[in-house]
Amino acid sequence: MKNNIISWIAQLIVVFILGQTLFFKFTDAPEVAEMFAKLGMGPFGYKLIGSLELVACILLLIPSSTIWGAILSWGLMSGAIMGHISKIGFEGNAGAMAGMAIAAWLLSCLIIFFRRNQASFIANMFGTKSSNEMQS
Amino acid sequence: MASSLHIDLHKISKFVNLSIPALFVVFLSAGHFVSFYFHFFTVAFLFMVIANFFYMTVQKEHVILKNFGLMGQARYIIESIGPEMRQYLFASDTEERPFNREERSEVYRKAKNIDSASSFGSQQNFDPSEIKIRHTMFPTPKEALQPFKITYGEERGLEFAYTITRPIMISAMSYGALGTNAVRSLARGAKLANIPMNTGEGGYPEYHLMEDCDLIFQIGTAKFGVRTDDGLLDDTKLAEIASKPQIRMIEIKFSQGAKPGKGGLLPKEKITDEIAKLRGIKKGADVVSPPYHPECDTVEKTVAFIKRVQNVSGLPTGFKICLGKVSEFEVLVEEMKRQDVYPDFITVDGAEGGTGAAPKAFLDGVGLPLLVGLASIQDCLKRHGIRNKMKLNASGKLISPRAQLVAFALGADAIYSARGFMLSLGCIQALQCGNNTCPIGITTHDPELQKGLVIESRAPRIANYVHNIEHDLEELLRATGCKSFSELTEENLYIPSDTVLGNYRLNSPEVQAAAS
Ligand SMILES: Cc1cc2nc3c(=O)[nH]c(=O)nc-3n(C[C@H](O)[C@H](O)[C@H](O)COP(=O)(O)O)c2cc1C
Chain X
0 MKNNIISWIA QLIVVFILGQ TLFFKFTDAP EVAEMFAKLG MGPFGYKLIG
50 SLELVACILL LIPSSTIWGA ILSWGLMSGA IMGHISKIGF EGNAGAMAGM
100 AIAAWLLSCL IIFFRRNQAS FIANMFGTKS SNEMQS
Chain P
0 MASSLHIDLH KISKFVNLSI PALFVVFLSA GHFVSFYFHF FTVAFLFMVI
50 ANFFYMTVQK EHVILKNFGL MGQARYIIES IGPEMRQYLF ASDTEERPFN
100 REERSEVYRK AKNIDSASSF GSQQNFDPSE IKIRHTMFPT PKEALQPFKI
150 TYGEERGLEF AYTITRPIMI SAMSYGALGT NAVRSLARGA KLANIPMNTG
200 EGGYPEYHLM EDCDLIFQIG TAKFGVRTDD GLLDDTKLAE IASKPQIRMI
250 EIKFSQGAKP GKGGLLPKEK ITDEIAKLRG IKKGADVVSP PYHPECDTVE
300 KTVAFIKRVQ NVSGLPTGFK ICLGKVSEFE VLVEEMKRQD VYPDFITVDG
350 AEGGTGAAPK AFLDGVGLPL LVGLASIQDC LKRHGIRNKM KLNASGKLIS
400 PRAQLVAFAL GADAIYSARG FMLSLGCIQA LQCGNNTCPI GITTHDPELQ
450 KGLVIESRAP RIANYVHNIE HDLEELLRAT GCKSFSELTE ENLYIPSDTV
500 LGNYRLNSPE VQAAAS
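In the order they appear, the protein sequences are chains X and P.
Every letter in the first sequence is one number past the one before it in numbering that gives the first Met the number 0, and letter 121, counting from 1, is 120.
Every letter in the second sequence is one number past the one before it in numbering that gives the first Met the number 0, and letter 310, counting from 1, is 309.
Hints were generated in silico from the structure; no laboratory data involved.
Even glycine gets a Cβ: it sits at the ideal position worked out from N, Cα and C.
Do not take every clue at face value.
Derived list of chain P stretches under chain X, where covered just means 3 residues or more per stretch with a C-beta under 8 Å from a C-beta of chain X [what the hints assert, rightly or not]:
(1) 28 to 42
(2) 46 to 54
(3) 58 to 66
The calculated lysine-lysine pairs, modelled on BS3-like cross-linking and capped at a C-alpha distance of 25 Å, are [stated by the list, open to error]:
(4) P/Lys236 <-> P/Lys300
(5) X/Lys1 <-> P/Lys282
(6) X/Lys1 <-> P/Lys306
(7) P/Lys267 <-> P/Lys359
(8) P/Lys324 <-> P/Lys381
(9) P/Lys131 <-> P/Lys396
(10) P/Lys482 <-> P/Lys131
(11) P/Lys482 <-> P/Lys381
(12) X/Lys1 <-> P/Lys267
Using the sequences and the accompanying hints, generate a full structural model.
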């Protein structure tokens, strides 16, 4: 019960962090274009990533697929963090972006843990039984 | 001797477990030096590296994952889809359980009203150890057949005696085990086919009543629908239910073939407002179904309880039993004679019977199979000269006309089927009845899954099934030379000694008495 509430709060925060950049990505905002240019990515690149982030947000909000959304956002944020470390750096605005990416990454880990029973290959990582197994 | 095809899983998994981090490093460099897009793979492999670390070091539950890591996971995935794969791809037409594809497709065809003639030869394992029906050289002409008709309660001269005119009835399946649409489809089909439907122990039959078919109300050991707060029989509630014109008979459930000698527990999570109302229980606490009726802890009280239900309801009243000990049943029969109280019918359920959920140990291991149970009860009643005091119903995988005719020959007056009707509804034997995940929407309360089960399209299938079963049964009956099912006896069967029944016959009390 308590874990459920914590997980929901985490889900909403992640959705917020991912969601607030989508508008800028899809409208080719100059800041976004500039930042992705450092990674060698053009409009195709950031729109692809924006689409994946949108999918992750939707999955995070559907109770039966939360874990898949969390895994996806975990992957996207891992990529973002690598981008900051290797190419973008942490100066000014980029630092704030990196901070949010790290926060979303950590929260995704938390959600994956709390929702581990939704997917048996995750549940197995912690040795717990998934809900499907318990039924049969 | 190492064959060339030998697969060393241990080596493969070691290779895989080394490749994953190696590939991670490769993609990491490619992402850094070539194109950032490679990092999509970097991230995927990072995930696998972490998962593998957890599988092999953190978790302590799964041996295969601990020893082989990610490779072991493949085994779980393949294992989990194994039953479906086997059912669709590899299982032959006669090897699935409980009903093989041959048996199922016969029901499907009957329910869809498709001709079920087959060509070239029988698909059955045609060895001599199968019970067969003996035909005569002089089959009964169609006109000479007597129409099927039996009247429950005629022995006691009841005002509300109940007559059925078709040989097959829908066996007990509770609302709860079945979802709303399934109950209503069955009930509407029963109405169309003019056969009665047993309510099962699901309490007040609200959804059955909507379709206005004839009903047999079942009293389970928890007395759902007719209970007092402490789980005993509430006479007023019973009288009230029995006074409804649709309720034609009462069945007291002593035991059921899938779990004889076992009670049940309705967990409080499953008790919705509706279930609480229909079953007459309180929310927020588990409800126990005891293994036997609390009123019936001795033979005397058991017979007295039958009498009480008969008196309160005024309807034909019988009980359902899966036979365990013949000697015990004998004592029960003696007590019936002593008190001069007889049930109007006995439903004999075989250990092969189905259920929504029961422990595997009970499903597989407890109770007498139908044919032996039925023959024993028939013998016992005859031995005591009271066979004419009641009717016998039989259930337990009687979904084909052949099996049903065998049951008639062993003494049954009418046939009960549960799963035959589930298959008619379209059941694909996914074996999910206890999980609320039935893909056909029969044994689930999930509205999404029930959506596909459209009542209007399902009810006619029930009627078709009944009609086609009846047709085949009559043809078989004529082949035996009998004019009605009640004329059938074991003489009409060929019972090889290495069948369960043949074996039982060789050792049964009658045969031994005759031999000595
Ligand atoms: C889903 C399901 C629910 C059942 N519920 C009940 C029940 O409530 N009470 C009962 O006496 N038997 C119940 N049974 C057992 C059947 O009434 C019947 O005795 C048994 O399945 C044998 O018949 P069959 O082989 O034609 O299915 C249930 C069976 C199934 C498959």
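Consistency of the hints with the structure:
Residues of the stretch 28 to 42 of chain P lying with their CB closer than 8 Å to a CB of chain X number 9, which satisfies the three-residue condition for coverage. Counting residues of the stretch 46 to 54 of chain P whose CB lies closer than 8 Å to any CB of chain X gives 4, which reaches the minimum of 3, so the coverage claim holds. Three residues within the 8 Å Cβ limit are the bar, and the stretch 58 to 66 of chain P against chain X gives 5, so the coverage statement holds. Between P/Lys236 and P/Lys300, the direct Cα distance comes to roughly 21 Å. Compliance with the 25 Å bound is thereby established for this hinted pair.
For the suggested pair X/Lys1 and P/Lys282, the alpha carbons sit about 23 Å apart, so the restraint of at most 25 Å is met. A distance of roughly 54 Å separates the Cα atoms of X/Lys1 and P/Lys306; the hinted pair therefore is violated under the 25 Å criterion. Of the supplied pair hints, the one linking P/Lys267 and P/Lys359 holds, its CA atoms being roughly 22 Å apart against a limit of 25 Å. A C-alpha spacing of about 17 Å is found between P/Lys324 and P/Lys381, which places the hinted pair at or below 25 Å, so the restraint holds.
With a CA separation close to 16 Å, the supplied pair P/Lys131 and P/Lys396 stays within the 25 Å bound. Among the hinted pairs, P/Lys482 with P/Lys131 is consistent with the structure: their alpha-carbon atoms are about 19 Å apart, no more than 25 Å. Between P/Lys482 and P/Lys381 the CA atoms are separated by roughly 22 Å; this keeps the pair inside 25 Å, and the hint holds. Using a Cα cut-off of 25 Å, the hinted pair X/Lys1 and P/Lys267 holds, with the two alpha carbons roughly 21 Å apart.
Violated hint for the displayed structure: number 6, the only one.
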